[in-house]
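Trainee: Going by the numbering used here, the sequence shown opens with residue 35, and the numbers climb by one from there.
Hints listed in this document are in silico derivations from the structure and should not be mistaken for laboratory results.
For each residue, glycine too, the CB sits at the ideal point set by N, CA and C.
Some hints here could point you the wrong way.
Pairwise CB distance ranges (calculated) [as the list claims (entries may be wrong)]:
#, residue 1, residue 2, range
1, 60, 103, 33 to 41 Å
2, 141, 61, 35 to 43 Å
3, 101, 124, 37 to 45 Å
4, 101, 69, 41 to 49 Å
5, 146, 124, 30 to 38 Å
6, 103, 38, 17 to 25 Å
7, 111, 69, 34 to 42 Å
8, 121, 42, 17 to 25 Å
9, 64, 141, 25 to 33 Å
10, 66, 146, 32 to 40 Å
11, 138, 103, 16 to 24 Å
12, 128, 85, 17 to 25 Å
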Amino acid sequence: MALAAASLVVLLSCISQPTFESWYTHALGRLPLPDAARYYLINHYKLGHSLCYFLLTLTFGFTLRPRWPWLILAPFLLGVLLEIIQTTLPTRSGDWHDLLYNLAGIGVGVVVCLVAKAGRCMQPR
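Could you build the full structure based on these sequences and the hints that come with them?
Mentor: And the structure:
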C-alpha cells in the first residue's frame with residue numbers, strides 16, 4: 035500500500051503540467067463540493083502537495099510503521115528527489131516552495147499517526 039501511494043505521488047509529480055492541471059480540475063469537478071470550495075481548491079492547487087504528502091505519510095505510517103524519524107524523512111526525501119527530477123523535465127519545473135507544502139502535509143500526517151498510536155497504547159486489553 036505504501037509503495038502504491040509513493041508511486042502515485044511520483045506519477046503526479048512527473049506528468050506534464052497541462053495534463054496534471056487538466057486532470058486536477060476535472061477530478062475536483064466530480065467531487066460533491068460547494069462551488070466556493072471547488073473554486074478555492076482549483077485556484078490554489080499547491081494545496082494538493084500538502085494533501086498528497088499527508089496521505090503518503092498516513093499510508094507509510096499505518097502500513098510500514100517506521101520509527102518516527104523515518105516517518106518524516108522518507109516522504110520529505112522523496113519530495114526533494116522529485117523536485118530535482120522536475121527541474122530536468124521539459125514540461126515541469128521544480129519549485130522549492132513546494133517542499134514547504136510537502137512538509138505541511140507530512141507534519142499533519144505525523145501528528146495524526148502519533149495521536150493514533152497513542153490512542154492504541156491507551157486502550158484497555
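Trainee: Give a verdict on every hint.
Mentor: Consistency of the hints with the structure:
At about 38 Å, the beta-carbon gap between residue 60 and residue 103 stays in the expected band of 33 to 41 Å. One distance hint, 35 to 43 Å for the beta-carbon pair residue 141 and residue 61, is violated here, with the actual separation near 25 Å. In this structure the hint that residue 101 and residue 124 lie 37 to 45 Å apart at CB holds, the actual value being about 39 Å. With their beta carbons about 44 Å apart, residue 101 and residue 69 fall inside the hinted range of 41 to 49 Å.
The given range of 30 to 38 Å is respected by residue 146 and residue 124, whose C-beta atoms sit roughly 37 Å from each other. Remark: the range hint 17 to 25 Å for residue 103 to residue 38 is upheld by a beta-carbon distance near 23 Å. Distance hint check: the CB atoms of residue 111 and residue 69 are about 38 Å apart, consistent with the given range 34 to 42 Å. Taking the beta carbon of each, residue 121 and residue 42 are about 21 Å apart, inside 17 to 25 Å as hinted.
In this structure the hint that residue 64 and residue 141 lie 25 to 33 Å apart at CB holds, the actual value being about 29 Å. Against the hinted window of 32 to 40 Å, the Cβ-Cβ separation of residue 66 and residue 146 comes to about 24 Å, which falls outside the hint. In this structure the hint that residue 138 and residue 103 lie 16 to 24 Å apart at CB holds, the actual value being about 18 Å. Distance hint for residue 128 and residue 85: a CB-CB separation of about 19 Å, consistent with the stated range 17 to 25 Å.
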